[in-house]
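J.: Using UniProt numbering, you'd call the opening residue of the sequence shown number 1 and step up by one each time.
Simulated crosslink set (DMTMM-like; lysine to aspartate or glutamate; CA at most 20 Å straight-line): (1) Lys-18 - Glu-29; (2) Lys-18 - Glu-96; (3) Lys-18 - Glu-87; (4) Lys-18 - Asp-93.
FYI, nobody ran anything at the bench for these hints, they're computed from the structure.
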Amino acid sequence: MVHTNPQILQPMLQELSKQNPQLLRLIQENNDEFLQLLNETFEGGDGDFLDQADQDEMPHAISVTPEEQEAIGRLEAMGFERERVIEAFFACDRNEQLAANYLLEHAGDEE
Numbered sequence: 001m002v003h004t005n006p007q008i009l010q011p012m013l014q015e016l017s018k019q020n021p022q023l024l025r026l027i028q029e030n031n032d033e034f035l036q037l038l039n040e041t042f043e044g045g046d047g048d049f050l051d052q053a054d055q056d057e058m059p060h061a062i063s064v065t066p067e068e069q070e071a072i073g074r075l076e077a078m079g080f081e082r083e084r085v086i087e088a089f090f091a092c093d094r095n096e097q098l099a100a101n102y103l104l105e106h107a108g109d110e111e
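Working from the sequences, and respecting the hints, build out all of it.
T.: Printed below as a string of structure tokens:
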């Protein structure tokens with residue numbers, strides 16, 4: 001993925017800084033090794049490390065508290081699709097009011 005589309009590396013690292021700052025710090029401290037890893041292919045494989053990870057379709061799980069689940073439900077009750085609600089909720093750092101504002105402001109936006 002990165003090998004064939006190098007411009008996505010920076011946005012990926014920015015997202016990583018939000019999701020896992022410790023991992024980003026390790027990458028920055030070991031930049032040469034990280035770049036080498038990106039350029040290596042799996043033994044017997046055709047793609048690079050991140051291509052293989054994409055193919056494996058590793059599931060992503062984010063835990064929510066019962067209160068956050070209720071907030072997501074209230075946002076859905078406003079008539080928004082669950083996927084957009086969840087996206088907005090986490091983009092707004094789990095703040096229900098900010099997520100509601102975001103959803104209302106972007107209600108007509110097409111994806």
